[in-house]
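Chains as they are written, first to last, in the numbering used here: chain A, 15 to 124; chain B, 390 to 502.
Simulated from the structure, these hints should not be mistaken for lab results.
For glycine and all other residues, C-beta sits at the position ideal for the given N, C-alpha and C.
Please note that a few of the clues may not be correct.
Stated by the list, open to error - Here are the simulated SDA-like cross-link-like pairs (lysine to any residue), alpha carbons at most 20 angstroms apart as the crow flies: (1) Lys73/A with Val122/A; (2) Lys433/B with Thr116/A; (3) Lys433/B with Lys73/A.
What the hints assert, rightly or not - Among the chain B residues that face chain A by a calculated CB cut under 10 angstroms, a handful are: (4) Gln426; (5) Leu432; (6) Lys440; (7) Phe454; (8) Ser455; (9) Phe480; (10) Cys481; (11) Arg484; (12) Glu490; (13) Phe493; (14) Gln495; (15) Val502.
Unchecked claim - Cβ-Cβ distance ranges computed for the label pairs, FRET-style: (16) Arg453/B with Phe24/A: 42 to 50 angstroms; (17) Ile444/B with Val42/A: 41 to 49 angstroms; (18) Gln469/B with Val64/A: 21 to 29 angstroms; (19) Val502/B with Lys70/A: 30 to 38 angstroms; (20) Arg404/B with Lys71/A: 47 to 55 angstroms.
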Amino acid sequence: TQLLEQSPQFLSIQEGENLTVYCNSSSVFSSLQWYRQEPGEGPVLLVTVVTGGEVKKLKRLTFQFGDARKDSSLHITAAQPGDTGLYLCAGPNTGNQFYFGTGTSLTVIP
Amino acid sequence: NAGVMQNPRHLVRRRGQEARLRCSPMKGHSHVYWYRQLPEEGLKFMVYLQKENIIDESGMPKERFSAEFPKEGPSILRIQQVVRGDSAAYFCASRQYMNTEAFFGQGTRLTVV
Numbered sequence: 015t016q017l018l019e020q021s022p023q024f025l026s027i028q029e030g031e032n033l034t035v036y037c038n039s040s041s042v043f044s045s046l047q048w049y050r051q052e053p054g055e056g057p058v059l060l061v062t063v064v065t066g067g068e069v070k071k072l073k074r075l076t077f078q079f080g081d082a083r084k085d086s087s088l089h090i091t092a093a094q095p096g097d098t099g100l101y102l103c104a105g106p107n108t109g110n111q112f113y114f115g116t117g118t119s120l121t122v123i124p
Numbered sequence: 390n391a392g393v394m395q396n397p398r399h400l401v402r403r404r405g406q407e408a409r410l411r412c413s414p415m416k417g418h419s420h421v422y423w424y425r426q427l428p429e430e431g432l433k434f435m436v437y438l439q440k441e442n443i444i445d446e447s448g449m450p451k452e453r454f455s456a457e458f459p460k461e462g463p464s465i466l467r468i469q470q471v472v473r474g475d476s477a478a479y480f481c482a483s484r485q486y487m488n489t490e491a492f493f494g495q496g497t498r499l500t501v502v
């Protein structure tokens, strides 16, 4: 059973387009993190959202945490080739584990 | 403050040999996680350790794989008698406390020939 489901799994868009990636769970998380992983590298933390309904912006990236703290979204405005990578959501449960989403592989075509 | 350090970055082993992967967490971090990633796939949890203790090894194969995080020194993921199916990228992450972010190393890419 996958605790965090991401959609879409693969996404290929043209440079300049907007996109949204979703991270959903049936469980409540105290916080959710978003990571980006480029080929051959480890995941790099982008942002942490903690409060239900919270919205955080990182340049062209907008992250939102659902009111019930069960889901999150990542919206990218005017995507650029440098945004290409694997986007992962992740979060801790009430125990010891740190769960990762299934990942969204984004390709931005110049 | 150095990040999570993993070594080696690349490791080639023949079938039947042993592979040792090392992870030095960020300073002050006492929680270490190991993940495996196959090409074009997401991260699969293997094991969660705190200093000198294995907290959760539910994601680790029962045979040939072991992990430790001693009081002094790096965390070690050990794979005995490697097979081709063990070829993957292995990532280590560390956290300071239970509800803080995890930071990743750059991974070790294991190739079994």
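Status of each hint after checking the structure:
A C-alpha spacing of about 17 angstroms is found between lysine 73/A and valine 122/A, which places the hinted pair at or below 20 angstroms, so the restraint holds. Of the pairs offered as hints, the one joining lysine 433/B and threonine 116/A holds, with about 9 angstroms between alpha carbons and a cut-off of 20 angstroms not exceeded. For the hint linking lysine 433/B to lysine 73/A, the alpha-carbon distance of about 30 angstroms lies beyond 20 angstroms, and the restraint is violated. Satisfaction of the interface hint for glutamine 426/B is found here, the shortest Cβ-Cβ separation to chain A being roughly 9 angstroms, below the 10 angstroms cut-off.
Given the 10 angstroms rule on beta carbons, the hint for leucine 432/B holds: about 5 angstroms separates it from the nearest Cβ of chain A. For lysine 440/B, the shortest C-beta to C-beta distance to chain A is roughly 14 angstroms, which exceeds 10 angstroms, and the interface hint is violated. Given the 10 angstroms rule on beta carbons, the hint for phenylalanine 454/B is violated: about 18 angstroms separates it from the nearest Cβ of chain A. Annotation: interface hint on serine 455/B violated; nearest CB of chain A at approximately 19 angstroms, more than 10 angstroms.
Nearest Cβ of chain A to the Cβ of phenylalanine 480/B: about 5 angstroms, under the 10 angstroms cut. The hint holds. For cysteine 481/B, the interface hint holds, the least distance from its beta-carbon to any beta-carbon of chain A being 9 angstroms, beneath 10 angstroms. Contact between arginine 484/B and chain A, as hinted, is supported at the beta carbon level, the nearest pair being about 7 angstroms apart and thus within 10 angstroms. At its closest, the beta carbon of glutamate 490/B sits 5 angstroms from a beta carbon of chain A; the interface hint therefore holds under the 10 angstroms criterion.
For phenylalanine 493/B, the interface hint holds, the least distance from its beta-carbon to any beta-carbon of chain A being 4 angstroms, beneath 10 angstroms. Checking glutamine 495/B against chain A by beta carbon gives a least distance of about 5 angstroms; that is within 10 angstroms, so the hint holds. Checking valine 502/B against chain A: minimum C-beta separation of about 19 angstroms lies over 10 angstroms; hint violated. For the hinted restraint 42 to 50 angstroms between arginine 453/B and phenylalanine 24/A, the CB-CB distance of approximately 32 angstroms leaves it violated.
Separated by about 21 angstroms at the C-beta atoms, isoleucine 444/B and valine 42/A break the suggested range of 41 to 49 angstroms. Between glutamine 469/B and valine 64/A the Cβ separation comes to about 41 angstroms, which falls outside the hinted range of 21 to 29 angstroms. Taking the beta carbon of each, valine 502/B and lysine 70/A are about 45 angstroms apart, not inside 30 to 38 angstroms as hinted. Our hint of 47 to 55 angstroms for arginine 404/B and lysine 71/A holds, since their Cβ atoms are close to 50 angstroms apart.
Checked against the numbered hints above, the structure breaks hints 3, 6, 7, 8, 15, 16, 17, 18, 19 and satisfies the rest.
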